[in-house]
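Peer 1: Residues per chain are reported as follows:
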Amino acid sequence: MFVKKTNIKMEKHHTPRSIRLIYFITNFFFWFTSIISVIVLCLIGYIAFGGSLYGEISFNIFGTDHVYQNFNEVPASLKAGLFMGTLTVLSSVLIIFFYFKRFMKLVYEGRYFDLKTIKNLKMIAYLLTAVFFIKIIIGIATSVLYGPEIFDTTHLDGSLAFTIDATSFDRPGILIIALIFWVLSHIFMEGAKLKEANELTI
Amino acid sequence: MSIVINLDVMLAKRKMSLTELSEKVGVTIANLSILKKGKAKAVRFSTLEAICEALDCQPGDILEYSNSVTND
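In order, the protein sequence lines correspond to chains E and L. Take the first sequence: its position 104, counted from the start at 1, is 117 in our numbering, and no numbers get skipped. Take the second sequence: its position 62, counted from the start at 1, is 276 in our numbering, and no numbers get skipped.
Do not rely on the hints blindly, as some may be mistaken.
Unchecked claim - 35 Å max Cα-Cα, derived DSBU-like pairs, lysine-lysine:
hint	chain 1	residue 1	chain 2	residue 2
1	E	Lys129	L	Lys229
2	E	Lys208	L	Lys253
3	E	Lys118	E	Lys206
4	E	Lys118	E	Lys92
5	L	Lys253	E	Lys135
6	E	Lys135	L	Lys238
7	E	Lys208	L	Lys250
8	E	Lys132	E	Lys208
9	E	Lys135	E	Lys206
10	L	Lys227	L	Lys238
11	E	Lys129	L	Lys253
12	L	Lys253	L	Lys229
13	E	Lys208	E	Lys92
14	E	Lys206	L	Lys253
15	E	Lys114	L	Lys255
16	L	Lys255	E	Lys135
17	L	Lys238	E	Lys118
18	E	Lys114	E	Lys206
19	L	Lys253	E	Lys118
20	L	Lys255	E	Lys132
21	E	Lys135	E	Lys114
22	E	Lys206	L	Lys250
23	L	Lys238	E	Lys208
24	L	Lys238	L	Lys253
25	E	Lys132	L	Lys238
26	L	Lys229	E	Lys118
27	L	Lys227	L	Lys251
28	E	Lys132	L	Lys253
29	L	Lys251	E	Lys206
30	E	Lys114	L	Lys229
31	E	Lys148	E	Lys208
32	E	Lys92	E	Lys206
33	L	Lys229	L	Lys250
34	E	Lys148	E	Lys132
35	E	Lys129	L	Lys227
36	L	Lys251	E	Lys129
37	E	Lys129	L	Lys255
38	E	Lys132	L	Lys250
I should point out that these hints are in silico values taken from the structure, not numbers from a laboratory.
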């Protein structure tokens, strides 16, 4: 489908300023998110597997409140679940961000209709769709079995507070974005065909 | 494709090399090579005009339709 050898001299590509800005912002946020993720994971790993975190910590599990004065008092299964849940969420965010960064790099280089660009777009669409359906399945399973929230950790002095909400029915935005990326990849494929035809027009 | 490119035949008749034709027509050797091998998807009229002028021939001397030949 794509001719690999064209030997046609390409004009020097000039990247629009907006694309350059988006590329640098994407790069910055990817590395910033990666560093923060590593710090968060290390912190959670530390307190989940032996470290100490003082302060009143409240868990709402299956509708029952559990209050602890130190994270060390939390049962091991909950600590492990918290670590794995955070690891899963952060790694899925980082992977999607990584593919978007790769896509932006190719756009920055002017390779709009390259096969790699199209593959990156498709991968982002697949990953977002997977995240959406996994959240739906978890939401349905836990709503049916345990009620709407199975995991709600709140550090009452304001730090390290986050909630894992098992229901996902109110987040169709992820699927819409996934579909947009999928459609974009098909539009780019048509663009690649036009580009190939143009390059082979003497 | 059923369009046969007879560029090498005309080059031989006019005793001209691809490099010389490239300089006269203003098309790169690489692109002329793509045309000669039959890999081109399209030819602009301006390019065809320049080639015919350089080789002193008709478009039909360079382009030939043959429904028995498939280059793909």
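Peer 1: Take the hints in turn and mark each one as holding or not.
Peer 2: Verification of the supplied hints:
1. Proximity of Lys129 (chain E) to Lys229 (chain L) is assessed by CA-CA distance (about 44 Å); at most 35 Å being required, the pair is judged violated.
2. Between Lys208 (chain E) and Lys253 (chain L) the alpha-carbon distance is near 15 Å, which keeps this suggested pair within the 35 Å criterion.
3. Restraint check for Lys118 (chain E) and Lys206 (chain E): satisfied, since their Cα atoms lie roughly 21 Å apart, inside the 35 Å limit.
4. Note on Lys118 (chain E) and Lys92 (chain E): the hinted pairing is violated, with a Cα-Cα distance of about 38 Å set against a maximum of 35 Å.
5. Between Lys253 (chain L) and Lys135 (chain E) the alpha-carbon distance is near 30 Å, which keeps this suggested pair within the 35 Å criterion.
6. In summary, the hint linking Lys135 (chain E) to Lys238 (chain L) is not supported, as the alpha carbons are separated by about 45 Å, beyond the 35 Å threshold.
7. A threshold of 35 Å between alpha carbons decides the hint, and for Lys208 (chain E) with Lys250 (chain L) the separation of about 21 Å falls inside it, so the pair holds.
8. Of the supplied pair hints, the one linking Lys132 (chain E) and Lys208 (chain E) holds, its CA atoms being roughly 17 Å apart against a limit of 35 Å.
9. Simply put, Lys135 (chain E) and Lys206 (chain E) have alpha-carbon atoms about 17 Å apart, close enough for the 35 Å limit, and the pair holds.
10. For the hint pairing Lys227 (chain L) with Lys238 (chain L), the CA-to-CA distance comes to about 17 Å; that is within 35 Å, so the pair holds.
11. Distance restraint check for Lys129 (chain E) and Lys253 (chain L): the Cα-Cα separation of roughly 24 Å lies within the 35 Å cut-off, and the hinted pair is therefore satisfied.
12. Between Lys253 (chain L) and Lys229 (chain L) the alpha-carbon distance is near 23 Å, which keeps this suggested pair within the 35 Å criterion.
13. For the suggested pair Lys208 (chain E) and Lys92 (chain E), the alpha carbons sit about 53 Å apart, so the restraint of at most 35 Å is broken.
14. Distance hint between Lys206 (chain E) and Lys253 (chain L) is fulfilled; the C-alpha atoms sit about 15 Å from each other, no more than 35 Å.
15. Under the criterion of a C-alpha separation no larger than 35 Å, the hint pairing Lys114 (chain E) with Lys255 (chain L) is consistent with the structure, at around 34 Å.
16. Under the criterion of a C-alpha separation no larger than 35 Å, the hint pairing Lys255 (chain L) with Lys135 (chain E) is consistent with the structure, at around 28 Å.
17. Only pairs whose Cα atoms come within 35 Å are accepted, and Lys238 (chain L) paired with Lys118 (chain E) is rejected, the gap being roughly 40 Å.
18. For the given pair, Lys114 (chain E) sits about 24 Å from Lys206 (chain E) by alpha-carbon distance, which is consistent with the 35 Å threshold.
19. A distance of roughly 31 Å separates the Cα atoms of Lys253 (chain L) and Lys118 (chain E); the hinted pair therefore holds under the 35 Å criterion.
20. Annotation: proposed proximity of Lys255 (chain L) to Lys132 (chain E) holds, straight-line Cα distance about 25 Å (limit 35 Å).
21. The straight-line distance between the Cα atoms of Lys135 (chain E) and Lys114 (chain E) is roughly 14 Å, inside the 35 Å bound, and the hint therefore holds.
22. In summary, the hint linking Lys206 (chain E) to Lys250 (chain L) is supported, as the alpha carbons are separated by about 22 Å, within the 35 Å threshold.
23. A distance of roughly 27 Å separates the Cα atoms of Lys238 (chain L) and Lys208 (chain E); the hinted pair therefore holds under the 35 Å criterion.
24. With a C-alpha separation of about 22 Å, the suggested pair Lys238 (chain L) and Lys253 (chain L) falls inside the 35 Å cut-off, and the hint holds.
25. A C-alpha spacing of about 41 Å is found between Lys132 (chain E) and Lys238 (chain L), which places the hinted pair above 35 Å, so the restraint is violated.
26. For the hint pairing Lys229 (chain L) with Lys118 (chain E), the CA-to-CA distance comes to about 48 Å; that exceeds 35 Å, so the pair is violated.
27. Using a Cα cut-off of 35 Å, the hinted pair Lys227 (chain L) and Lys251 (chain L) holds, with the two alpha carbons roughly 18 Å apart.
28. Distance restraint check for Lys132 (chain E) and Lys253 (chain L): the Cα-Cα separation of roughly 26 Å lies within the 35 Å cut-off, and the hinted pair is therefore satisfied.
29. Distance hint between Lys251 (chain L) and Lys206 (chain E) is fulfilled; the C-alpha atoms sit about 20 Å from each other, no more than 35 Å.
30. Only pairs whose Cα atoms come within 35 Å are accepted, and Lys114 (chain E) paired with Lys229 (chain L) is rejected, the gap being roughly 54 Å.
31. The suggested pairing of Lys148 (chain E) with Lys208 (chain E) is violated, with an alpha-carbon distance near 39 Å, which exceeds 35 Å.
32. Pair hint Lys92 (chain E) plus Lys206 (chain E) does not hold up; C-alpha atoms about 52 Å apart against a cutoff of 35 Å.
33. Between Lys229 (chain L) and Lys250 (chain L) the CA atoms are separated by roughly 16 Å; this keeps the pair inside 35 Å, and the hint holds.
34. Note on Lys148 (chain E) and Lys132 (chain E): the hinted pairing holds, with a Cα-Cα distance of about 24 Å set against a maximum of 35 Å.
35. Proximity of Lys129 (chain E) to Lys227 (chain L) is assessed by CA-CA distance (about 45 Å); at most 35 Å being required, the pair is judged violated.
36. Annotation: proposed proximity of Lys251 (chain L) to Lys129 (chain E) holds, straight-line Cα distance about 28 Å (limit 35 Å).
37. A threshold of 35 Å between alpha carbons decides the hint, and for Lys129 (chain E) with Lys255 (chain L) the separation of about 23 Å falls inside it, so the pair holds.
38. For the proposed pair Lys132 (chain E) and Lys250 (chain L), the alpha carbon gap of about 33 Å is at most 35 Å, so the pair holds.
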